[in-house]
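Undergrad: Listed below are the residues making up each chain.
Protein chains: 2
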Amino acid sequence: MRSIYGGTLNASHIDQEVTLCGWVDTRRDHGGVIFIDLRDREGIVQVVFDPDGQDDFSRAERVRSEFVLQVKGKVRARSAETVNSNMATGEIEVYGTELEILNESAPVPFQMDEYTNVGEDVRLKYRYLDLRRDEMQNNLRLRSKVTTAIRNYLDDNGFLDIETPILTRATPEGARDYLVPSRTHDGKFFALPQSPQLFKQLLMVSGFDRYYQIAKCFRDEDLRADRQPEFTQIDLETSFMSEEEIMAVTEGMIRKLFQEIKGVDLGDFPRMPFAEAMEKYGSDKPDLRLPQQLVEIKDLLKDIEFKVFAGPANDPSCRVTALKVDGGAQLSRKQIDEYTKFVSIYGAKGLAWIKVNEIEKGIEGLQSPIIKFLGDEVTMAVMERTGAKNGDIVFFGADKAKVVSEALGALRCKLGEDLDLYTSEWAPLWVVDFPMFEEIDGGWTALHHPFTAPSCTPEELKANPGTALSQAYDMVLNGTELGGGSVRIHRQDMQQTVFEILGIEEAEQEEKFGFLLDALKYGAPPHGGLAFGLDRLIMLMTDSSSIRDVIAFPKTQTAACVMTDAPGAVNTLQLNELNIRLKQKEKPAEE
Amino acid sequence: MRSIYGGTLNASHIDQEVTLCGWVDTRRDHGGVIFIDLRDREGIVQVVFDPDGQDDFSRAERVRSEFVLQVKGKVRARSAETVNSNMATGEIEVYGTELEILNESAPVPFQMDEYTNVGEDVRLKYRYLDLRRDEMQNNLRLRSKVTTAIRNYLDDNGFLDIETPILTRATPEGARDYLVPSRTHDGKFFALPQSPQLFKQLLMVSGFDRYYQIAKCFRDEDLRADRQPEFTQIDLETSFMSEEEIMAVTEGMIRKLFQEIKGVDLGDFPRMPFAEAMEKYGSDKPDLRLPQQLVEIKDLLKDIEFKVFAGPANDPSCRVTALKVDGGAQLSRKQIDEYTKFVSIYGAKGLAWIKVNEIEKGIEGLQSPIIKFLGDEVTMAVMERTGAKNGDIVFFGADKAKVVSEALGALRCKLGEDLDLYTSEWAPLWVVDFPMFEEIDGGWTALHHPFTAPSCTPEELKANPGTALSQAYDMVLNGTELGGGSVRIHRQDMQQTVFEILGIEEAEQEEKFGFLLDALKYGAPPHGGLAFGLDRLIMLMTDSSSIRDVIAFPKTQTAACVMTDAPGAVNTLQLNELNIRLKQKEKPAEE
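As they're listed, the protein sequences go chains C and W. Read in this note's numbering, the first sequence has 446 at position 446, and its numbers run on one by one without any break. Read in this note's numbering, the second sequence has 1212 at position 212, and its numbers run on one by one without any break.
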C-alpha cells in the first residue's frame, strides 16, 4: 500500500513517484492550494494538492486532522523561500496526484501539541492518541532499540533466553504479592513473581550456565511516582563466574548500549565501597555528576560548648558533616528556609549554614548565625577542610548517622539540580562491599536478599554478622540504581547459616524455600547474577520524568487503567468457580 | 574460573592447558586410574587422574555423580583403541593436574539416563535435575535460538518490540480468564491477557506501524495434553499492509527460521481455501506430509438401495466420502475394529471398508462385507475414482458433513502415522478464505474473533453472513496450526455491523470494547497481524511429544507446579487486604 515512509523522504528522492500512507498532521488552504502535513512513523512530509486533479482535490479539501490517507505523487524540490530547515523533509514536498481517504477521524479530544494542557488522566484515557506524539513515539522506539541491543549483546556472550513462570508461588522479596486464585486447587492462590530470582538460580543448578530474560515482574505496592504494579527487568544469571567477571560482562553491556544508542562512551565504571558512598555522598547510589561531597568534621566539633554539634560529635552513633555548595552564597534566607524544610523530611531538626563572602578577610568575610557558637578557630578550620571559597555556602548536619547521611545526601542532589552544579552528563559507578545484614529492631535483616553470598566463611559470618560484607554489587548511573545483583550462596550449609542469622526457622525455610534448599543439595554450581530495571534505564536514556512516559499502557497511581477500565467487576458465576466471594461491607448500624 | 567449555574440546586443543568447570556425569576407577566424564553446557569430556598428583588424586577418588568440579589439566590425544567416535570430544581427553570440588551432591533421586522409569511427577518435582538431561538442554537452547532468530528477523523488517500489560481487563477470546483481585479497587479484578489483541490494534491506531512481542498469554482452561495455563505467543501487527503482504513477511520469517536453525528449506508455502481443506482433508489444518485425500463419492451412491449410504448421499447436509490408504490391505480385522472405535470418537456410527487384493480380477479381487450392498458396478466406480491398487484399503464415511470430515480427517492422520505413509518431512501451507461466521444454535459466531475483516462491504455482509469470507489466514505445518491472523476491521461502521450480526448489543459493545470502538473513530489505519504459538513451534522443531518438554518450568495437567508447590495457601491477612474471602464449604448435615 506504501512505497516508502514519507518521513524518510529527502532531496535524493526528487522526481520519484511515491505512494505514502499516514495521518493528516495539519491541513492548510493557501490561495486554493491544499497543503497537507502527512505524518507516519518516520516523520512528517508536506503534500501539495492543486485544484487541477478533480476528484482527488475535492477529497483533499475534505480531509481534516488525523484522517488516514493514501497519497500518490511526485517528490519535488521546494522553492528556496519555502525550504523549512526545521523539518527533516523540509527541502522537498510531494506533489499529490491521487488521494484515497482510508479512514476519517472525529475531532480528537485533545490536540497533539496541546497535551500538556490536558490532565494526564485524559492522556491515559485516550492513550492511543497520546502515543501518537513525537515524544512517546521516540520513547517507545528507543525502548525497542534498547531491548534489541541488549538481547544481541547477551546472545553474543552465550546467554540463553529462558522464560520463567508468571503463575508461581509467593516470592521472598518481601513486597506484597499479586495473587491469582486457582480454580482447580480449592482455596489456593498463585502469586505473580516479584522477580525470577529462585527460578534463575535453579536454571544454574540445571547447568544452563548463562541465562537471561527480559522479564515482567509484579509488586502490589502503594505506588509512588516512579513505580508501576508491573515493571520490566533485564534479568540474568551465570555460573562459574566471579563477582569481577559478572560485573565486567554487565558493565560491558551497558557501555555498549550507550555507545550504540546514544553515541556516548561511559568509560570504565569506578568502584566505590558502600561505606565510602555513605560517607562521601550520604547515599548508596551517589550521583557522581555532582562533585560536592560530605566532609566529616566530627573531630573539629568535639570540644565546643554548643551542644547541638558537640553532642553528636561525641556520640559514636552520630555523624557531623559539612557540605560545601559552590555558588550557594546567593541563596536567600527564604530559599534556605525551604531547604531546611526539605531536610526535615529526612528527620533533620535544622540546617545550619555559613555563607562565604570574602574568605580573605577571615571570620569577618563569613556570614552565619552559628559562628558565635562554633568560635572563630573551629569555624575557620571547617572552612579550610571544606575548601570553601568566595560565593560558596557550607551546610551542616549533626545527628544520628542515618539522619545526617540521608538529609545531607538528598540536599546535595537537590542543590545540585537547583543550582545546576553538574560537571558531567553521565556518571556511572559500581557500589560494592555492601554489608550482609543491617540491624533492625534488634534482629538481622538481609541488605539484599537472603541468597546473597558473603565474602567470608559460615563460621566467620556467624561470629560477626554485623561487620560481614556480601558479594553484592549495584550499578548506579546519575544517582539512579540501574541494577543490582550478587554472587549467590551455592552451598547448603552457608544458606542455612544465613537463614539462622536472619531468624528464619527450619519449618519456615522448608515451607518457603524447601525446593531451593533441596536443589542446593544436588550439585549447585557457584553462580551469581544481576537484574536491571528496564523502565528506569529507558527513563534515564530518554530523560523522562515519569515512568509512565516509557511504558505503552501504564497504570495510574491507583493501579488502574483508565483506558480499558481495569480492574473491572466480575460476576458471581466467575467468583463461584474460583470458590471465593467478596467480603461483605460492614453495614452502618440501622437506627 | 574456566578457560573453555569442556564439551567444546577437540583434537585442535591438544597440548593446551585448560581449566574446566562442570558436573561429574560418571566416574570410573580402572586399575587405580580415575576417569571422570565431566559435563558442562556444551557436552561431556573425559578427565583422567593418575595416582601421581597426591591431594588432587584423593579428591578425584572422593567425587561422585553430580559433584561440581573445577579441573585443571592438559588436553591430550586418546590412544587409538580408546578413541570414542560416539562422543564429540571422543578423540581427546584431559589429563588432570588439579581438582577442586566446588560443591558436593547427595545421591540424586533419579539417574539422568533412567528418567523414563520415574513418573513425570518426579521429574517435575526435581525439575532442576530433569533439566540437566541432554534432551531438555537441547530443547531450551533451541527455543532460545528460535526467539533470537525471530527477533532479529522482525527487527530487520522494521518491527518494534513493545510490551503490553499483563494486568489488564478481561479479553474477548472467550476462554476463561485468570483473575487478579485488586487491593486498591475494592471488589474489582484484573484479568491476565488471553492475548494482546486489543492492545496491538491500539498500537496501530497510535501509528507504530509494525509491532511485535513475544508475549505471555493465559487461559484458565481445563488442560489437555498440549495446553498450559500460561503459554507464549509470537505476536505481531502491521499497518498499511495487505493480507498478501502480511503473509509474505511472516512466511519469510518461518522459512528463514527453519533455514537458520534446522538447515531446512521449506520452500514457498502453498495456499489452500478453507473449503478445499475441509473437502480433501477433513480438517482446517491438513497434514500435507500425507498424500491421501478424502474423495467425494456422493454422486455414485445416490441410487443404491443400501440406506446407510443412500440416505446421506441424498441429504444436502451430509457428505459421503472414500479414503484410500496405501498398503492398508494388510490391516487385520482386529486393527480395523480399533479404527472403527477411533472414528466413533468423532461420532461416526461405523467404518465400512474394502480391501484390494487383486484389482485386475475386478470385483473378485476385492474383499469386503459391503460390496453386496453397493453392487458391483458402484463398487468398481468407487475403486476407479479412488485409484485404489493392490494392497490398498478404502474406507467409507457417510454421515453429517461435520462428522464425516472430522472422523475421516482424523483417521487419515492416524493411519498415516501408524503405517508411516509420510512422503515428506515438512509440509507447510496457508489456509485462507475462511468463512466469517459459523452458525451455532441458530445464531452467528465469529470463526476467528470479532475484529476480523470480511472480504466484502458491510451491506454485503449483512445480506449474506453465512457465505461471507474473512481476510483471515492460518499457517499450518505438518497438521499443526502454527499461527493464525487476519486483516482487522479498521472502520467503526464495519465493526458495528459485525457486532450486530453476532448479536452483541450496544450496551455490551460499549462495556466490553468501548475503548476499541472509540479508537476506531479517531483515524484507525488499515491493519492486520498474526500470532504464532511459540510452544507448538518449538515442539515441532524438536519433535517433542509434550508441551512440557519445551518449557523450563511447566505446570501439570491440574495447573500446579509440584516443584514450588504452587498454587499455595495464603493467610487471612492477605485475603482481608484484598477484601475477599474463601467460600465456606457446605458442611455435611449433622446427624
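Honestly, I wouldn't trust all of these hints.
To be verified - Derived DSSO-like pairs (lysine-lysine); straight-line CA-CA distance at most 27 Å:
1. K512/C - K1125/W
2. K1216/W - K583/C
3. K1583/W - K1188/W
4. K1072/W - K216/C
5. K216/C - K1521/W
6. K512/C - K1216/W
7. K521/C - K1072/W
8. K188/C - K1216/W
9. K125/C - K1307/W
10. K1145/W - K145/C
11. K1125/W - K188/C
12. K1307/W - K1372/W
13. K72/C - K1414/W
14. K1125/W - K1285/W
15. K1512/W - K216/C
16. K1298/W - K1145/W
17. K349/C - K400/C
18. K1216/W - K125/C
19. K256/C - K334/C
20. K1298/W - K1216/W
21. K280/C - K188/C
22. K1216/W - K216/C
23. K262/C - K349/C
24. K1583/W - K521/C
25. K1361/W - K1349/W
26. K188/C - K1188/W
27. K372/C - K285/C
28. K125/C - K1521/W
29. K583/C - K1389/W
30. K145/C - K1256/W
31. K1256/W - K583/C
By construction, these hints were calculated from the structure, which means they are not laboratory data. Since the model is a prediction, treat every value here as computed from it, not as a measurement.
Undergrad: Going straight from one Cα to the other, do K1216/W and K583/C come out at no more than 27 Å?
TA: This hinted pair is violated, its Cα atoms lying about 31 Å apart.
Undergrad: Given the proposed pairing of K1256/W with K583/C, does the C-alpha separation stay at or below 27 Å?
TA: violated, 54 Å
Undergrad: Regarding the pair K188/C and K1216/W, is the alpha-carbon distance no greater than 27 Å?
TA: Within the cut-off at roughly 22 Å; holds.
Undergrad: Holds or violated: K1512/W with K216/C, Cα cutoff 27 Å?
TA: Satisfied, since the Cα-Cα distance of roughly 26 Å is no more than 27 Å.
Undergrad: Check whether the Cα positions of K280/C and K188/C lie no farther apart than 27 Å.
TA: With a Cα-Cα distance of about 49 Å, the restraint between K280/C and K188/C is violated, given a limit of 27 Å.
Undergrad: Would the pair K1216/W and K125/C pass a check requiring their Cα atoms to be no farther apart than 27 Å?
TA: holds, 25 Å
Undergrad: Taken at face value, is the distance from the CA of K216/C to the CA of K1072/W at most 27 Å?
TA: Violated, because 40 Å separates the two Cα atoms, which is more than 27 Å.
Undergrad: Is K72/C close enough to K1414/W, meaning Cα to Cα at most 27 Å?
TA: Between K72/C and K1414/W the Cα gap is close to 54 Å, so the pair fails against 27 Å, i.e. violated.
Undergrad: Need the status of pair K125/C, K1307/W: alpha-carbon distance at most 27 Å?
TA: Judged against 27 Å, a Cα distance of about 64 Å means the pair is violated.
Undergrad: Does the structure keep K583/C and K1389/W at a Cα separation of 27 Å or less?
TA: The hint is violated at about 72 Å.
Undergrad: Verify the proposed pairing of K349/C with K400/C, using a straight-line Cα cut of 27 Å.
TA: Judged against 27 Å, a Cα distance of about 11 Å means the pair holds.
Undergrad: With the threshold set at 27 Å, check whether the alpha-carbon distance from K512/C to K1125/W stays at or below it.
TA: Distance of about 15 Å is within 27 Å: holds.
In this structure, the hints that do not hold are numbers 2, 4, 5, 9, 13, 14, 16, 19, 20, 21, 23, 24, 25, 27, 29 and 31, in rising order.
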